[in-house]
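Construct the entire structure; sequences and hints are all you get.
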Amino acid sequence: MIINGPNVKRVLTTCVYCGTGCNFYFHVIDGKIVGVSPVESHPVSQGKLCIKGWKAHEFVQRSDRLKRPLIRRDGSFVEVDWTEALDYVANKFKEIKEEYGPSALGCLSSAKCTNEENYLMQKFARAVFKTNNVDHCARLCHASTVAGLTASFGSGAMTNSINEMLDSKAILVTGSNTTEQHPIIGGKIMEAKKNGAKLIVVEPRKIHLTSFADAHLRQKSGTDVPWLNSFMHVIFEEGLEDKEFIEKHLEPEPFEAMKKLVTSSRYSPENTEKITSIPAEELRKAAIMFAKNRPGAIVYSMGITQHIQGTDNVKSCANLQMILGNMGVHGGGVDPLRGQQNVQGACDVGALSNVFSGYQRVTDPAARRKMADAWGVGFEEFNDEVGLTVVEMIHAAGEGKVKGLYIMGENPMVSDPDLNHVEEALKKPFLVVQDIFMTPTAELADVVLPAASFAETDGTFTSTQRTVCKIRKAIEPLADSRPDWWIIGQIAERLGYKGCTYTHPSEILDEINRTTPIYGGITWDRIDSEEFPFGIAWPCPDEGHPGTLFLHKGGSFSRGKGKCHVCEYVPPAEEPDEEYPFRMTTGRVNPHWHTRSMTGRSPTLEREAPYAYIEINPEDAKKLGVRSNWMVRVASRRGEIVLRARVSDIVPPGTVFIPWHYQEAPANRLTIAALDPDAKIPDLKVCAVKIEVA
Amino acid sequence: MMTEAYVLDKNRLGDLVEVLKVRGEVIAPTNTGIDILYMPVSSVSEIDLSKIPLDSPKEYVFPITETMMEVEGGEITPVLESWDRVLFGLRPCDVAAFRCMLRFFEDYADEKIPDPYFIEKMKKLTVVAYNCPEPKEHCFCAAMGTGPVAESGFDLALSDLGGYYLVEVGSVKGEEILGGLPLPKASQKDISEKEAVARRCSEKMKPGFAVQGIEDVIEQSIDAVAENHGGRCIVCGGCNFFCPTCTCYNVTDTIEGELVRRERYWDSCMLQGFTWLAGMGPERATLASRMKQRLMHKLSYTKEHYDAYSCTGCGRCSQVCPSYIFMEDMIRDILGGV
Chain S
1 MIINGPNVKR VLTTCVYCGT GCNFYFHVID GKIVGVSPVE SHPVSQGKLC IKGWKAHEFV
61 QRSDRLKRPL IRRDGSFVEV DWTEALDYVA NKFKEIKEEY GPSALGCLSS AKCTNEENYL
121 MQKFARAVFK TNNVDHCARL CHASTVAGLT ASFGSGAMTN SINEMLDSKA ILVTGSNTTE
181 QHPIIGGKIM EAKKNGAKLI VVEPRKIHLT SFADAHLRQK SGTDVPWLNS FMHVIFEEGL
241 EDKEFIEKHL EPEPFEAMKK LVTSSRYSPE NTEKITSIPA EELRKAAIMF AKNRPGAIVY
301 SMGITQHIQG TDNVKSCANL QMILGNMGVH GGGVDPLRGQ QNVQGACDVG ALSNVFSGYQ
361 RVTDPAARRK MADAWGVGFE EFNDEVGLTV VEMIHAAGEG KVKGLYIMGE NPMVSDPDLN
421 HVEEALKKPF LVVQDIFMTP TAELADVVLP AASFAETDGT FTSTQRTVCK IRKAIEPLAD
481 SRPDWWIIGQ IAERLGYKGC TYTHPSEILD EINRTTPIYG GITWDRIDSE EFPFGIAWPC
541 PDEGHPGTLF LHKGGSFSRG KGKCHVCEYV PPAEEPDEEY PFRMTTGRVN PHWHTRSMTG
601 RSPTLEREAP YAYIEINPED AKKLGVRSNW MVRVASRRGE IVLRARVSDI VPPGTVFIPW
661 HYQEAPANRL TIAALDPDAK IPDLKVCAVK IEVA
Chain B
695 MMTEAYVLDK NRLGDLVEVL KVRGEVIAPT NTGIDILYMP VSSVSEIDLS KIPLDSPKEY
755 VFPITETMME VEGGEITPVL ESWDRVLFGL RPCDVAAFRC MLRFFEDYAD EKIPDPYFIE
815 KMKKLTVVAY NCPEPKEHCF CAAMGTGPVA ESGFDLALSD LGGYYLVEVG SVKGEEILGG
875 LPLPKASQKD ISEKEAVARR CSEKMKPGFA VQGIEDVIEQ SIDAVAENHG GRCIVCGGCN
935 FFCPTCTCYN VTDTIEGELV RRERYWDSCM LQGFTWLAGM GPERATLASR MKQRLMHKLS
995 YTKEHYDAYS CTGCGRCSQV CPSYIFMEDM IRDILGGV
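Residue numbers (our numbering), protein chains in the order written: chain S, 1 to 694; chain B, 695 to 1032.
Quick caveat, the hints were computed from the structure, so don't treat them as lab data. One should not assume that every hint holds.
Taking CB as the label site, the calculated pair distances span [claimed, not checked]: (1) S/Lys32 / B/Gly856: 40 to 46 Å; (2) B/Thr969 / S/Pro279: 53 to 59 Å; (3) B/Lys817 / S/His504: 44 to 50 Å; (4) S/Gly654 / B/Glu831: 44 to 50 Å; (5) S/Gly31 / B/Pro772: 55 to 61 Å; (6) S/Lys67 / B/Met763: 24 to 30 Å; (7) B/Pro878 / S/Glu531: 17 to 23 Å.
Straight line, CA to CA, 20 Å or less: simulated SDA-like cross-link-like pairs of lysine to any residue [said to hold, decoys possible]: (8) S/Lys206 / B/Glu921; (9) B/Lys715 / S/Val8; (10) S/Lys260 / S/Glu247; (11) S/Lys473 / B/Ser1012; (12) S/Lys9 / B/Tyr959; (13) S/Lys193 / B/Tyr959; (14) B/Lys715 / S/Asn7; (15) B/Lys745 / S/Glu40; (16) S/Lys32 / B/Ser739; (17) S/Lys32 / B/Glu921; (18) S/Lys193 / B/Asn922; (19) S/Lys9 / B/Ser739; (20) S/Lys622 / S/Ala573; (21) S/Lys206 / S/Lys260; (22) S/Lys32 / B/Val945; (23) S/Lys9 / B/Pro734; (24) S/Lys9 / B/Ser776; (25) S/Lys206 / B/Ala982; (26) S/Lys206 / B/Thr759; (27) S/Lys32 / B/Leu774; (28) S/Lys193 / B/Ser1012; (29) S/Lys32 / B/Ala982; (30) S/Lys9 / B/Thr759; (31) S/Lys194 / B/Ser1012; (32) S/Lys67 / B/Glu952; (33) S/Lys9 / B/Thr726.
Cβ-to-Cβ under 7 Å is the rule here; a few derived chain B residues that face chain S [as the list claims (entries may be wrong)]: (34) Asn725; (35) Ile728; (36) Asp729; (37) Lys745; (38) Leu748; (39) Thr759; (40) Gly931.
The model shown is predicted, which means the values in this text are computed figures rather than measured ones. For each residue, glycine too, the CB sits at the ideal point set by N, CA and C.
Here's what the structure looks like:
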């Protein structure tokens, strides 16, 4: 929706930051984006925005945007034109493929790019490189959600919708600093509480939301399976489970096996207190409160997913909601909050190493046949094995097994665990980085390709509540930058494949509609029609379907019956010891987003939180002889960083917290690349560090 | 300065618009099919006065981002963009708010340095107010004494009286405009009808308080109110960005090669980084202290300084707040004592 005045334009679009999916208007005057204002009639944001949304324009037209393609020659970058850059890139990829085979190539797609661009990247990897080595940073955040909820329910996404939280009678928030990370959703949770809902927060830190909680349980980071199992232990003990729901809707044998485990004495609140440090009485009260106030919703984010047992954590949340009958009802559900504006979409359209779009498995011959037909590629040309995931791909590059990496809109040099290792690894392969700014990852590249930002192209994003919504081009791509979808097509053509060449993103969405059942009826025209001005939520199988706001209605799960899982506690890969006595956990701050390549270049946002810092409890600070604003050296077995201390009782004694955004003191130099065996997500939330005054 | 009042048939509104176009670029509430937004219009068919928009017309006199000057090779070039504009359909709360902004920018709180960027735009602005026949959920202009009819600060003011508009003249410019559009004079009956419409509108507004005298009692309950309500703030800045009286801005210099551009852009005192102290962290570190500052500013400090509150009861801050913090609730709590 573009409203023109003589020289004033308003462009309706979707925010580029978190997964809430707010819409706003860009204010454009003479080709310059001067500001943003909220959209009154948007069903989720309802005229509201957080500070990142209000200032989402600030980074777009910064003068240090990447303007021209760059090739590294004799150690430094030289500006070249597109033809030279694209020819060079294509030739190098061709050489690598011919000499080492398709598995020596890999693609990192981007949760910050559109659905169309992510679909193209996985199509490129599979049809051109002929590898399934395509993945994106969902691997680092919600891979365990996708794996866990798919196994439990048959569908790996937020089961209910954001506005339903206002009608929940109880909300259990765990591993989500909602008012800082998804402020609009956090606001709705506070409002639900004000209207009488019970709010239970299970979270090591005293985050803002805990000021309003009926119960705040402070578990040690990495001990979630125990408290979740304990909750169920109490619920069965008190007879508060929903017996009718269990009998009608859950597979009986898995349920019995799970019940046997959680009701064992091992998972009594008294015994789990020793692991989690949550006092048994408090846990009992909270469990009973949650069980007695239905419908209840579980809202979670990285605190559940980014663990060595992330998948089990998610499955345990699913177990809990299934036995309470909180599934398939308005106001209930399991609500993972996706942190990037299109990480849901990037997963949906197949930018994952094990599935095509719509979660159709690459190991399934029927899926391969379908894509072969749709893409004009021979069936036998497809790789039939699951490919490498993000962390695995980087390690493989370090071991010399992956010789060529094509990275779009990702910054592993800040976002991946164990950065020293990542840095060594990324120096080895032929590296192509496509981005909007010169990030630390781009600085290591052999070729840098300047991409257009979300304000400079058309496309769609899919929010955390599965709603597919449009972004609209407000200005022309800056300097010589080009849309990501165009660039992928150009490289593909030079490698002999025309199937990635389109004239407009709407053509790509058409193809997504044809090949992806859950997106079947989510067409370019329908998602900004009078009936659906703000998009449609999947599943939406055909053009007559209105979309689906909540899943598994009435207990009828996507997979048929709900499946419970037996989850035993597995301790984090690395816990504090004599040498490294502190439990370090990572997280975010409100004004910054991810690797800060955009928010760090936004004056208002950067001013809010300009310095990297580590939160240290006052008791620990006293023992260390450290005061607020003093520089401290924090080291783990992987590396060390120097940053300022912030003494605060937000963290409990023994635990420290570092926001991971800051490339000048990246928390990921310290984190450990230990992976969840199922989802391959790293244990970013727990590792051991030592601290001294710098 | 109320001189005369006239009547205008509703189907002749287009004639008024044509006459206004001569005065400059006409900005009016436009229904885009999604929301009503203040946008430039070229004909009456684009104008929609049926609902009070959330959208703020503030940016037309105080832009979201504004280039102030450019410096190149040691030469400073001021950049001052303004041209003749007509703001059509301005609600009384916004009309009053523009006066608040003018008071601030005229003398920068006693510094006596008028802000040329704002003053120039106001000089070139024609204001056609539209008195609200219906309030919105969060409106409380009546309680603040700024509505639902505009008493001053406009060139012309329209009131919807059913089949026709009452057109009141508020300035010499307004009289001149109507010189190009002769209209029949309004009768006493029309004036009474306008007052009746205004009364009905006031009665529909929820607040149930009158703000006069709040500056005398605010100190007693401000801390509790700021804590209760401010504690939920998620620091978005929206209340200030969209508030039609808020004038805070930040200034940045951007270097692009040889050119330095100095810009100012909307800022918010509710943001953590609004006031930093060297080494010690933010001056107003807690949410409650920032809410206290905001409320004291709007309801006490400016009353003391300018004899006018800098809240006009438009309700936008309540609408844009993701934490559902409502200004009218906070004022009521302050007056009621907590």
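Hint check results:
A hinted range of 40 to 46 Å holds for the C-beta pair S/Lys32 and B/Gly856, which are about 44 Å apart. Between B/Thr969 and S/Pro279 the beta carbons are some 40 Å apart, a value that contradicts the proposed interval 53 to 59 Å. For B/Lys817 paired with S/His504, a C-beta distance near 46 Å keeps the hint of 44 to 50 Å intact. At roughly 48 Å, the beta-carbon separation of S/Gly654 and B/Glu831 lies within the given 44 to 50 Å, and the hint holds.
Separation of S/Gly31 from B/Pro772 is about 22 Å and departs from the stated range, judged on CB atoms against 55 to 61 Å. Range check, S/Lys67 to B/Met763: about 25 Å between beta-carbon atoms, so the 24 to 30 Å window is met. Restraint check, B/Pro878 to S/Glu531: a C-beta distance of roughly 46 Å breaks the suggested window 17 to 23 Å. A C-alpha spacing of about 18 Å is found between S/Lys206 and B/Glu921, which places the hinted pair at or below 20 Å, so the restraint holds.
For the hint linking B/Lys715 to S/Val8, the alpha-carbon distance of about 17 Å falls within 20 Å, and the restraint holds. Only pairs whose Cα atoms come within 20 Å are accepted, and S/Lys260 paired with S/Glu247 is accepted, the gap being roughly 16 Å. Note on S/Lys473 and B/Ser1012: the hinted pairing is violated, with a Cα-Cα distance of about 31 Å set against a maximum of 20 Å. For a cut-off of 20 Å, the pair hint linking S/Lys9 to B/Tyr959 stands: about 18 Å separates their Cα positions.
A C-alpha spacing of about 35 Å is found between S/Lys193 and B/Tyr959, which places the hinted pair above 20 Å, so the restraint is violated. Under the criterion of a C-alpha separation no larger than 20 Å, the hint pairing B/Lys715 with S/Asn7 is consistent with the structure, at around 16 Å. A hinted pair counts as satisfied when its Cα atoms are at most 20 Å apart, and B/Lys745 with S/Glu40 qualifies at roughly 12 Å. Simply put, S/Lys32 and B/Ser739 have alpha-carbon atoms about 28 Å apart, too far for the 20 Å limit, and the pair is violated.
Between the alpha carbons of S/Lys32 and B/Glu921 the distance comes to roughly 40 Å, so the proposed pair goes past 20 Å and is violated. At most 20 Å may separate the alpha-carbon atoms for a hinted pair to count; S/Lys193 and B/Asn922 meet this at roughly 14 Å. For a cut-off of 20 Å, the pair hint linking S/Lys9 to B/Ser739 stands: about 19 Å separates their Cα positions. With a CA separation close to 28 Å, the supplied pair S/Lys622 and S/Ala573 exceeds the 20 Å bound.
Between S/Lys206 and S/Lys260 the alpha-carbon distance is near 34 Å, which puts this suggested pair outside the 20 Å criterion. Straight-line distance between C-alpha atoms of S/Lys32 and B/Val945 comes to about 18 Å, which keeps the hinted pair within the 20 Å bound. Our distance criterion of 20 Å between C-alpha atoms is met by S/Lys9 and B/Pro734, whose separation comes to about 9 Å. Between S/Lys9 and B/Ser776 the CA atoms are separated by roughly 17 Å; this keeps the pair inside 20 Å, and the hint holds.
Under the criterion of a C-alpha separation no larger than 20 Å, the hint pairing S/Lys206 with B/Ala982 is consistent with the structure, at around 17 Å. Between S/Lys206 and B/Thr759 the alpha-carbon distance is near 37 Å, which puts this suggested pair outside the 20 Å criterion. Our distance criterion of 20 Å between C-alpha atoms is met by S/Lys32 and B/Leu774, whose separation comes to about 16 Å. The straight-line distance between the Cα atoms of S/Lys193 and B/Ser1012 is roughly 18 Å, inside the 20 Å bound, and the hint therefore holds.
Between S/Lys32 and B/Ala982 the CA atoms are separated by roughly 37 Å; this puts the pair beyond 20 Å, and the hint is violated. This hinted pair checks out: S/Lys9 and B/Thr759 have alpha carbons roughly 15 Å apart, not beyond 20 Å. Between S/Lys194 and B/Ser1012 the CA atoms are separated by roughly 16 Å; this keeps the pair inside 20 Å, and the hint holds. Among the hinted pairs, S/Lys67 with B/Glu952 is consistent with the structure: their alpha-carbon atoms are about 18 Å apart, no more than 20 Å.
Pair hint S/Lys9 plus B/Thr726 holds up; C-alpha atoms about 12 Å apart against a cutoff of 20 Å. Taking 7 Å as the C-beta contact cut-off toward chain S, the hint placing B/Asn725 at the interface is violated, the least distance being around 10 Å. At a threshold of 7 Å, the smallest CB-CB gap from B/Ile728 to chain S is about 6 Å, leaving the interface hint in force. For the restraint placing B/Asp729 at the interface with chain S, the shortest Cβ-Cβ distance is roughly 5 Å, inside the 7 Å limit, so the hint holds.
The restraint placing B/Lys745 at the interface with chain S is violated, with a minimum CB-CB distance near 10 Å, outside the 7 Å limit. Checking B/Leu748 against chain S: minimum C-beta separation of about 4 Å stays under 7 Å; hint holds. Taking 7 Å as the C-beta contact cut-off toward chain S, the hint placing B/Thr759 at the interface holds, the least distance being around 4 Å. At a threshold of 7 Å, the smallest CB-CB gap from B/Gly931 to chain S is about 5 Å, leaving the interface hint in force.
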